[in-house]
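Protein chains: 2
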Amino acid sequence: MAYFNIQYETMKNFSLAVFEKMGFTADESKIITDVLLTSDMYGIESHGVQRMVLYYKSIKNGRIHMDSKWEVVHETPLSAVIDNHFGMGQLVGYYAMNKAIEKAKNSGFGFVTVRNSNHYGIAGFYAKMASNEGLIGMSTTNSEAIMVPTFGKMAMLGSNPIAFAMPAEPYDFFFDASTTVVTRGKVEVYNKKGEPLPEGWTINAEGKPSTDAADILTNINQKKGGGILPLGGSEEMTGSHKGYGYGMIAEIFASILSLGLTSNHTHIGSKSGTCHSFIAINPNLFGDPEAIKAHFSTFLEELRNSPKADGKERIYTHGEKEVEAYEKRLKEGIPVNDKTLGEMKAICEEYNIDMESYLGKIDF
Amino acid sequence: MAYFNIQYETMKNFSLAVFEKMGFTADESKIITDVLLTSDMYGIESHGVQRMVLYYKSIKNGRIHMDSKWEVVHETPLSAVIDNHFGMGQLVGYYAMNKAIEKAKNSGFGFVTVRNSNHYGIAGFYAKMASNEGLIGMSTTNSEAIMVPTFGKMAMLGSNPIAFAMPAEPYDFFFDASTTVVTRGKVEVYNKKGEPLPEGWTINAEGKPSTDAADILTNINQKKGGGILPLGGSEEMTGSHKGYGYGMIAEIFASILSLGLTSNHTHIGSKSGTCHSFIAINPNLFGDPEAIKAHFSTFLEELRNSPKADGKERIYTHGEKEVEAYEKRLKEGIPVNDKTLGEMKAICEEYNIDMESYLGKIDF
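Protein chains in written order, with my numbering: chain U, 2 to 365; chain V, 2 to 365.
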């Protein structure tokens with residue numbers, strides 16, 4: 002796979018043009034583009050601008066309802082439940098997290114859940130919205146079922162990430178990870194390369210360990226059984242029940258507390274129905290936010306400065322890699338692979354967008 | 002190691018007598034006994050009545066201050082920060098969770114943090130206090146540093162469990178797990194048996210994989226380096242940074258939001274200084290609690306009924322094993338090993354307690 006670096010501003014303007022052509026307003030296109038490009042800038046290619054293709058298909062096949070408008074079906078000073086009526090995930094996500102942030106600023110705490118939604122990008126984007134405002138932010142989502150529960154062989158939970166962000170110096174703490182041992186995106190990368198998966202990631206339709214990426218992905222898509230293991234693997238000895246437990250917490254916050262579809266009931270027929278959660282906690286609930294931030298920053302520094310394992314040069318605290326990836330990409334551009342460029346070109350042809358006028362001439 | 006089964010009521014009366022002799026009031030002894038015996042009844046022997054010996058030593062060496070009284074240093078309708086002034090962990094834990102529960106009943110949400118405390122038993126006990134009241138309960142604690150961060154070789158975080166409980170039928174969802182791949186208690190069990198540890202649990206003072214339980218425990222006690230790996234092991238390939246991330250969330254809630262000692266600063270000299278967090282969320286923030294409970298119970302049933310992996314008879318939902326262990330022990334008694342009985346006997350001799358009059362004649 003060949004990669005081409007595209008400057009941030011260049012990619013942003015192109016993305017805005019495409020999403021407007023898809024039928025989103027300029028403001029909506031800005032939110033969607035911001036979520037996708039933040040992911041690319043953080044080095045999380047799987048959830049970046051390449052998702053444009055997925056959204057294009059989802060609009061075409063009616064999975065994303067362009068004409069629907071979300072509805073706040075329950076609300077208190079601390080909470081809300083929103084029905085997204087199968088609209089775009091990023092738009093309701095941005096709205097819901099802002100609502101949680103407003104509640105946390107006014108009341109100390111905000112917890113908003115969303116049902117009947119679609120893919121919303123990286124969970125971390127929403128958690129970071131809160132930490133940008135001096136709050137602790139959390140977000141979880143469910144997804145198409147890909148995680149087999151401990152001792153099971155049918156995927157019943159999604160990748161079910163838990164994202165957590167909190168103000169700190171010199172940069173915010175930022176944690177965003179699926180509760181599976183790896184994401185489906187990682188399995189797709191091995192499939193594209195035609196390489197066997199590492200041991201301990203997946204099981205096949207018979208419930209046996211497998212390293213066959215193509216088979217695993219087909220089984221997930223066709224709901225034939227098998228899938229990705231929870232963080233901690235397949236046995237209690239290595240903590241499988243723990244990853245499964247964290248996946249449950251993400252699921253409870255997203256789909257149970259919104260009375261929405263659990264992962265095993267999403268993505269059936271032409272509907273998605275993904276559910277999300279958005280939490281903001283004001284650190285002033287616990288005293289002086291600046292004192293808390295300073296205390297936290299000291300601990301993070303102690304972690305980074307603690308002795309390294311043999312052969313390891315650094316201990317990272319969560320969010321460091323993203324900050325470094327951001328700085329690197331701001332200078333060097335965002336790497337986009339030829340397959341994605343080809344898919345984008347096809348979309349542009351349909352919409353009569355002159356891709357070259359945005360991205361320049363790329364010989365892919 | 003030989004085990005002897007002791008009936009629940011018998012053990013309860015014995016424990017009450019011992020803690021009263023240690024200097025706790027009848028009410029305090031009841032709380033401490035309830036936390037310890039709940040752990041035994043759930044089948045978590047490491048955090049059960051055998052901890053009586055640890056508490057006895059901690060009172061003797063001044064780690065637990067018998068004459069201190071906790072102090073609420075910050076409070077809002079949704080939150081509180083409590084300084085336990087190095088008092089007993091269970092007592093402040095019970096008080097703090099009840100405060101969180103009261104806030105969640107009145108305001109929808111309660112989040113109480115505690116600093117300068119001691120070992121408080123299983124985190125799950127406090128989470129369950131909330132689910133017993135129809136609320137979602139969470140509790141986290143830090144502890145003596147035992148977890149090495151990803152790519153590190155010095156223990157910097159504690160076992161840092163996250164416990165989560167929520168009302169469901171036919172029994173509550175109950176999740177309580179360390180964010181390390183295993184607890185120190187498990188390593189101690191291998192040490193007592195003289196067996197090598199499974200691969201992937203621990204690293205030694207040089208930061209190299211190790212299966213030598215005795216060496217690991219000595220290193221942790223003497224802060225010489227090495228320790229237990231995060232859930233997900235030592236490499237990012239198996240999700241090490243995820244377990245480390247969940248450990249961070251437990252740490253943030255407990256020690257950062259209380260302005261208390263982080264794990265790496267606890268248990269230095271004669272003080273402990275462990276920190277805890279207690280969260281209660283009222284499901285009525287999201288609509289009808291009964292509808293949410295029914296929705297959740299359906300999903301749990303679907304999980305249990307989903308296809309099993311080869312060679313596995315059951316898929317457990319979290320809390321099932323504890324309910325079954327409880328029922329079994331109510332009939333058959335709590336298994337206590339001879340080493341613990343010997344240690345209890347020594348305590349009884351010092352306090353002039355006639356152990357036989359409580360437990361009957363046990364030939365251990």
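Among these hints, one or two may not hold up.
Claimed, not checked - Heads up, simulated DSSO-like pairs for lysine-lysine below, C-alpha to C-alpha not over 27 Å straight-line:
1. U:K100 to V:K106
2. U:K22 to U:K340
3. U:K224 to V:K309
4. V:K313 to U:K225
5. U:K294 to U:K194
6. V:K225 to U:K313
7. V:K294 to U:K272
8. U:K272 to U:K187
9. U:K340 to U:K329
10. V:K313 to U:K224
11. V:K272 to U:K313
12. U:K322 to V:K209
13. V:K106 to U:K106
14. V:K187 to U:K309
15. U:K100 to V:K294
16. V:K309 to V:K100
17. V:K272 to V:K100
18. U:K194 to U:K100
19. V:K70 to V:K100
20. U:K13 to U:K340
21. U:K225 to V:K309
22. U:K106 to U:K31
23. U:K294 to V:K294
24. U:K362 to U:K322
25. V:K100 to U:K294
26. U:K187 to V:K309
27. U:K313 to V:K31
28. V:K100 to U:K309
29. U:K209 to V:K309
30. V:K362 to V:K58
31. U:K209 to V:K322
32. U:K309 to V:K322
33. V:K313 to V:K31
34. U:K225 to U:K294
35. V:K100 to U:K106
36. V:K22 to V:K61
37. V:K224 to U:K309
38. U:K209 to V:K313
None of these hints come from the bench; they were simulated from the model.
Hint-by-hint comparison with the structure:
Pair hint K100 (chain U) plus K106 (chain V) holds up; C-alpha atoms about 23 Å apart against a cutoff of 27 Å. Distance hint between K22 (chain U) and K340 (chain U) is fulfilled; the C-alpha atoms sit about 21 Å from each other, no more than 27 Å. For the given pair, K224 (chain U) sits about 15 Å from K309 (chain V) by alpha-carbon distance, which is consistent with the 27 Å threshold. Of the pairs offered as hints, the one joining K313 (chain V) and K225 (chain U) holds, with about 19 Å between alpha carbons and a cut-off of 27 Å not exceeded.
For the proposed pair K294 (chain U) and K194 (chain U), the alpha carbon gap of about 43 Å is over 27 Å, so the pair is violated. As the CA atoms of K225 (chain V) and K313 (chain U) are separated by approximately 19 Å, the hinted pair is consistent with the 27 Å bound. Using a Cα cut-off of 27 Å, the hinted pair K294 (chain V) and K272 (chain U) holds, with the two alpha carbons roughly 25 Å apart. Pair hint K272 (chain U) plus K187 (chain U) holds up; C-alpha atoms about 24 Å apart against a cutoff of 27 Å.
Distance restraint check for K340 (chain U) and K329 (chain U): the Cα-Cα separation of roughly 23 Å lies within the 27 Å cut-off, and the hinted pair is therefore satisfied. As the CA atoms of K313 (chain V) and K224 (chain U) are separated by approximately 20 Å, the hinted pair is consistent with the 27 Å bound. For the hint linking K272 (chain V) to K313 (chain U), the alpha-carbon distance of about 33 Å lies beyond 27 Å, and the restraint is violated. Proximity of K322 (chain U) to K209 (chain V) is assessed by CA-CA distance (about 24 Å); at most 27 Å being required, the pair is judged to hold.
Proximity of K106 (chain V) to K106 (chain U) is assessed by CA-CA distance (about 21 Å); at most 27 Å being required, the pair is judged to hold. For the hint pairing K187 (chain V) with K309 (chain U), the CA-to-CA distance comes to about 25 Å; that is within 27 Å, so the pair holds. Between K100 (chain U) and K294 (chain V) the CA atoms are separated by roughly 25 Å; this keeps the pair inside 27 Å, and the hint holds. The suggested pairing of K309 (chain V) with K100 (chain V) is violated, with an alpha-carbon distance near 42 Å, which exceeds 27 Å.
Restraint check for K272 (chain V) and K100 (chain V): satisfied, since their Cα atoms lie roughly 26 Å apart, inside the 27 Å limit. In summary, the hint linking K194 (chain U) to K100 (chain U) is not supported, as the alpha carbons are separated by about 42 Å, beyond the 27 Å threshold. Note on K70 (chain V) and K100 (chain V): the hinted pairing holds, with a Cα-Cα distance of about 16 Å set against a maximum of 27 Å. Only pairs whose Cα atoms come within 27 Å are accepted, and K13 (chain U) paired with K340 (chain U) is accepted, the gap being roughly 19 Å.
Note on K225 (chain U) and K309 (chain V): the hinted pairing holds, with a Cα-Cα distance of about 13 Å set against a maximum of 27 Å. With a C-alpha separation of about 25 Å, the suggested pair K106 (chain U) and K31 (chain U) falls inside the 27 Å cut-off, and the hint holds. Distance hint between K294 (chain U) and K294 (chain V) is unfulfilled; the C-alpha atoms sit about 37 Å from each other, more than 27 Å. Using a Cα cut-off of 27 Å, the hinted pair K362 (chain U) and K322 (chain U) is violated, with the two alpha carbons roughly 31 Å apart.
Restraint check for K100 (chain V) and K294 (chain U): satisfied, since their Cα atoms lie roughly 25 Å apart, inside the 27 Å limit. Between K187 (chain U) and K309 (chain V) the CA atoms are separated by roughly 25 Å; this keeps the pair inside 27 Å, and the hint holds. The straight-line distance between the Cα atoms of K313 (chain U) and K31 (chain V) is roughly 49 Å, outside the 27 Å bound, and the hint therefore fails. Under the criterion of a C-alpha separation no larger than 27 Å, the hint pairing K100 (chain V) with K309 (chain U) is inconsistent with the structure, at around 41 Å.
A hinted pair counts as satisfied when its Cα atoms are at most 27 Å apart, and K209 (chain U) with K309 (chain V) qualifies at roughly 11 Å. A C-alpha spacing of about 25 Å is found between K362 (chain V) and K58 (chain V), which places the hinted pair at or below 27 Å, so the restraint holds. Proximity of K209 (chain U) to K322 (chain V) is assessed by CA-CA distance (about 24 Å); at most 27 Å being required, the pair is judged to hold. Among the hinted pairs, K309 (chain U) with K322 (chain V) is inconsistent with the structure: their alpha-carbon atoms are about 38 Å apart, more than 27 Å.
About 40 Å separates the Cα atoms of K313 (chain V) and K31 (chain V), which puts this hinted pair outside 27 Å; it is violated. This hinted pair does not check out: K225 (chain U) and K294 (chain U) have alpha carbons roughly 48 Å apart, beyond 27 Å. Simply put, K100 (chain V) and K106 (chain U) have alpha-carbon atoms about 23 Å apart, close enough for the 27 Å limit, and the pair holds. Proximity of K22 (chain V) to K61 (chain V) is assessed by CA-CA distance (about 13 Å); at most 27 Å being required, the pair is judged to hold.
Note on K224 (chain V) and K309 (chain U): the hinted pairing holds, with a Cα-Cα distance of about 15 Å set against a maximum of 27 Å. Distance hint between K209 (chain U) and K313 (chain V) is fulfilled; the C-alpha atoms sit about 11 Å from each other, no more than 27 Å.
The structure fails to meet hints 5, 11, 16, 18, 23, 24, 27, 28, 32, 33, 34 from the earlier list, while all remaining hints are met.
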